[in-house]
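**Q** In order, the protein sequences belong to chains D and C. Numbering follows numbering that gives the first Met the number 0, in which position 72 of the first sequence is assigned residue number 71; successive positions increment by one, without gaps. Numbering follows numbering that gives the first Met the number 0, in which position 134 of the second sequence is assigned residue number 133; successive positions increment by one, without gaps.
Hints were generated in silico from the structure; no laboratory data involved. Treat the hints loosely; a few may be bogus.
[As the list claims (entries may be wrong)] So, partial list: chain C residues that the calculated Cβ filter (under 8 Å) puts toward chain D:
hint	residue
1	N89
2	F122
3	Y123
4	N124
5	Y126
6	T158
[Unchecked claim] Derived pair list, reagent style DSS-like, types lysine-lysine, alpha-carbon separation capped at 30 Å:
hint	chain 1	residue 1	chain 2	residue 2
7	D	K139	C	K90
8	C	K96	D	K149
9	C	K90	D	K149
[As the list claims (entries may be wrong)] Far from chain D by the CB rule (all over 12 Å, computed), these chain C residues:
hint	residue
10	G20
11	G21
12	W40
13	S47
14	S64
15	A73
16	R76
17	V138
18	A165
Fair warning: this is a prediction, and the values are worked out from it, not measured in the lab. A virtual CB, placed ideally from N, CA and C, is assigned to each residue, including glycine.
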Amino acid sequence: MNREELQSAITALNADITFEEGGEYLTANIPADACRDIMQALHNLPAFEMDYMFCLTCVDWKTHLTMVYHLESRKHAHAVVIKSKLDRENPEIETLSDIWRTAEFLEREVYDLFGVRFIHHSDLRRLLLTDDWEGYPLRKDYEDPINMIKL
Amino acid sequence: MDVKDNQQHAFPGDVHPTASGGILVSKLDDVINWARSNSLWPLVFGTSCCAIEMMSTASAKYDWSRFGFEVARATPRQADVIIIAGTIVNKMAPVLKRLYDQMADPKYVIAMGACATSGGPFFYNTYSVVKGADHVIPVDVYVAGCPPRPEALLHALITLQAKIKAGDKREKIVIEKFVDSN
Ligand code: SF4
Chain D
0 MNREELQSAI TALNADITFE EGGEYLTANI PADACRDIMQ ALHNLPAFEM DYMFCLTCVD
60 WKTHLTMVYH LESRKHAHAV VIKSKLDREN PEIETLSDIW RTAEFLEREV YDLFGVRFIH
120 HSDLRRLLLT DDWEGYPLRK DYEDPINMIK L
Chain C
0 MDVKDNQQHA FPGDVHPTAS GGILVSKLDD VINWARSNSL WPLVFGTSCC AIEMMSTASA
60 KYDWSRFGFE VARATPRQAD VIIIAGTIVN KMAPVLKRLY DQMADPKYVI AMGACATSGG
120 PFFYNTYSVV KGADHVIPVD VYVAGCPPRP EALLHALITL QAKIKAGDKR EKIVIEKFVD
180 SN
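Starting from the given sequences, assemble the full structure and let the hints guide the process.
**A** Shown next, in the form of structure tokens:
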């Protein structure tokens with residue numbers, strides 16, 4: 000599917016989806032509580048067949064967090080970016096690790112560095128930092144008075 | 000210490016000519032240092048981008064084998080010099096210390112690049128980076144650059160050789176400084 004076809008096909012999945020202008024990939028903003036259903040559809044429906052998640056990350060905008068998923072279909076050679084806003088104080092979203100296995104480690108990394116909790120994740124532990132680490136270092140307001148020299 | 004004064008292949012000592020050839024007079028320490036400096040085996044150790052430059056220095060174009068660094072060892076037990084090629088993070092620091100401790104004496108350390116000398120680009124606003132590998136293990140030669148060019152690393156290796164040939168052990172330098180300042 001080309002960009003326009005992809006956009007209208009995704010719009011048909013959920014009325015609350017909005018799209019961003021510009022960007023290398025078609026970018027859709029979806030509500031966090033519908034995330035899992037939409038992602039499942041993108042993975043399973045033959046028209047999309049997004050079988051490859053090539054990036055999963057998070058952004059701290061200070062007012063909120065945004066989850067960012069990059070999906071691609073190897074069969075149809077189309078790609079899409081899905082974004083979902085999360086509450087900064089209590090960031091929670093359904094896991095996608097059972098849909099794309101690669102999300103398991105990527106979600107652990109995001110949990111480790113941003114503190115997003117992935118509901119129903121099978122093994123949500125810290126990945127890079129030590130198990131007794133306090134705080135989430137990639138949050139903009141992270142402080143470490145011992146190791147960090149502020150500029 | 001002038002690198003030029005330390006010719007690569009100049010054997011330390013004086014030849015006294017005799018009727019049937021000559022007698023070489025030298026000091027055992029000098030011969031040992033000469034041998035050591037011309038056969039420094041680096042440890043395979045690279046933690047980030049500087050390691051790419053280090054590999055380039057090892058490969059055909061720059062070829063550090065010409066100066067006696069050919070055999071990069073994957074075990075610290077067989078290595079003489081550790082080139083800290085890359086960023087040292089807090090999690091890596093104990094590993095670096097352990098590798099250094101496992102190396103047999105005499106052992107030498109080169110801090111390659113801004114990260115290994117001072118934390119470099121990660122000096123400010125980072126929670127994870129050690130601000131200079133010399134917080135963890137003692138360093139013999141520092142190389143500036145981000146990353147340093149292969150020529151710079153070669154120069155650092157030759158400087159290390161000059162240091163060894165001159166008999167300047169790290170301990171000696173530290174002690175002299177300490178005595179001077181008291
Ligand atoms: S000094 Fe520069 S090139 Fe070398 S490891 Fe650090 S960031 Fe990378």
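**Q** State for each hint whether it applies.
**A** Hint by hint, here is what the structure shows:
no.: 1; hint: N89; in the structure: holds (7 Å)
no.: 2; hint: F122; in the structure: holds (6 Å)
no.: 3; hint: Y123; in the structure: holds (4 Å)
no.: 4; hint: N124; in the structure: holds (6 Å)
no.: 5; hint: Y126; in the structure: holds (4 Å)
no.: 6; hint: T158; in the structure: violated (30 Å)
no.: 7; hint: D:K139 to C:K90; in the structure: holds (22 Å)
no.: 8; hint: C:K96 to D:K149; in the structure: holds (27 Å)
no.: 9; hint: C:K90 to D:K149; in the structure: holds (21 Å)
no.: 10; hint: G20; in the structure: holds (64 Å)
no.: 11; hint: G21; in the structure: holds (61 Å)
no.: 12; hint: W40; in the structure: holds (32 Å)
no.: 13; hint: S47; in the structure: holds (15 Å)
no.: 14; hint: S64; in the structure: holds (37 Å)
no.: 15; hint: A73; in the structure: holds (25 Å)
no.: 16; hint: R76; in the structure: holds (28 Å)
no.: 17; hint: V138; in the structure: holds (20 Å)
no.: 18; hint: A165; in the structure: holds (36 Å)
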